[in-house]
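With the sequences and hints as input, model every part of the structure.
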Amino acid sequence: MGNALLLLPSVNAFVFDDEGRLLLARHSEQGDVWSAPGGIVEPDEPPAEAVVRETREEVGLDVRIRGLIGAYGGPGFRTTYPNGDQVAHVITVYGCTAEGGTPVPDGVEIAEVRWVTEPEAAALPTPSWLPLVLPDCFAWWRSARQTWSPVS
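Residues 16 to 167 in the working numbering are what the sequence shown spells out, letter by letter.
Heads up, none of these hints are tricks.
FRET-style restraints, in silico, Cβ to Cβ:
id : residue 1 : residue 2 : range
1  : G35       : N98       : 33 to 41 Å
2  : N18       : A159      : 35 to 43 Å
3  : T95       : D32       : 29 to 37 Å
4  : D151      : D32       : 17 to 25 Å
5  : V119      : E34       : 15 to 23 Å
Hint data in this document are derived by calculation from the structure and do not stem from the laboratory.
Beta carbons: idealized from backbone N, C-alpha and C, even for Gly.
Encoded structure:
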């Protein structure tokens, strides 16, 4: 395939705590940028299962999907790697809560995890696509949290 543009179905878990803080992870393999846990959907894997799997793999956390925030793609969701490979992500973004436990970085892809407020998230170094999604995610949280009980 060479350097031809590759379309990749991806998922991200925007995990919120009871205080409305978002879980972000510092991705050491992606230039030390902060992003929500997530990754590529495997062949024949439903996206909802992929987001649960990726979150468990990256930060050791089991999550409950509370809703679909949106599906995102377009020019702002392309990545060019140092070797010239290009990918265009179509990202399905889920709003989630933790089902107990404490997030812990996997030490391979993820170097650090942190719960952040919306202004804190906006101030961190992130992949170029994250600022396009963050406002929708926090707006979703403010609206959706009214429909469920707090996680204990």
